[in-house]
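As they're listed, the protein sequences go chains A and B. Quick note on this note's numbering: the first sequence kicks off at 1 and runs consecutively. Quick note on this note's numbering: the second sequence kicks off at 1001 and runs consecutively.
Simulated from the structure, these hints should not be mistaken for laboratory data. For each residue, glycine too, the CB sits at the ideal point set by N, CA and C. Treat the hints with care, as some may be off.
Just a few of them, taken from the derived set where beta-carbon distance is under 10 Å, the chain A residues facing chain B [what the hints assert, rightly or not]:
(1) Val50
(2) Ala57
(3) Ala78
(4) Ala168
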Amino acid sequence: MSASTPRAPFWQGFRDGLPFLLVIAPFGLLFGVLATEAGLNILETLSFSVAVIAGAAQFTALQLLNEQAPTLIVLASALAVNLRMAMYSASLTPHIGAAPLWQRAVIAYFTVDQTYACASMAFEKHSEWNTPQKVSYFLGAVMPVCPMWYAASVTGALIGTTIPEGLALDFAIPITFLAIIAPALRTAAHRVAALVSVLLSLAFSFLPYNLGVLVAGLGAMITGAQVELWVERWKGKA
Amino acid sequence: MEGVDKTALWTVIILLGLGSFGLRFMFTGLVGDRPMPDWVLRHLRYTAVAVMPALIAPLVLWPAGTGGEFDPPRLGAAVATLVVGYVTRNVLAAIASGAVSLYGLLYLLG
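Throw the hints in and build the complete structure from the sequences for me.
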């Protein structure tokens, strides 16, 4: 297949997305298990994963629903968790902004941490790719990630509570997120933002309904932006 | 378990689905080629590192798996994941290190 066809980037995306099976499978499985423990049936669990298709937001929403939090708080907290999706969207805009609207809508729906990570790295590396090739790459990366999310959620719901607690699957959440965050701590501003986020979330953990996460997220975003400005000014003066 | 209220559940599934899509489509769909203000981009750049650590810090120190009790193996696994992820910039290596550390420390200390 020639490089001018969208087929080569599609399979490259597929290969790049493939390792994330190891992340998506246990994480989706865990969601299915937790959803079942919270009293959701299989249709509800699958609908949740298909409609929302975002691990962290789903876990947040599920946890708050389970705590009988007000619906508005559930939505606000889970959407706050998903705010990074807007950043991904902004970052993808220069690459796929010229694609037809329906293709951009499909990509938007499938924008998750893993597909975005693959795409942002590949698009930077292959600046020669045209828009159809970039769209193909993205859809290739989607294939091993997103359908697996639905399948793992349903599988988790089917096997229900049979996962032994000794497997400590609860800790798949922090480990997965730490693994995704750690390589992103590439500048002082990112590192300070993450540190402020941790400190604020612990300091405000007394707040109900995960509101501490909103406070910490907002504070850390402002911190990151400010540190970036200071570093720029300092470099400008130096 | 009393379970989740079904009306609240479907309200959340539908609205959270629409809202998440809205966030994902916000820029690719509506902004297109128009430039965005610098200050907006500057804040959005830190959303992930601002929200994710806030989500997991309490889970690391007060894990759900131990009923909120501080757990040295889990803290050790979190530190291993963070360090390996930071040094290698490899998500899978970080996850593997975290898993190995967690099970190793649970076996040794548990």
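Tell me if Val50 (chain A) is really an interface residue toward chain B, meaning its C-beta lies closer than 10 Å to one of theirs. At 8 Å from the nearest chain B Cβ, Val50 (chain A) passes the 10 Å test, so the hint holds.
Is the interface hint satisfied for Ala168 (chain A)? The criterion is a beta-carbon contact with chain B at less than 10 Å. holds, 5 Å
Go through the hint on Ala78 (chain A) and say holds or violated, using the shortest Cβ distance to chain B against 10 Å. Check passed: Cβ of Ala78 (chain A) comes within 5 Å of chain B, closer than 10 Å.
For the restraint on Ala57 (chain A), tell me whether the closest CB of chain B is nearer than 10 Å. The hint holds - Ala57 (chain A) has a Cβ within 10 Å of chain B, the shortest such distance being about 6 Å.
Hint check: no violations occur; every hint is consistent with the structure.
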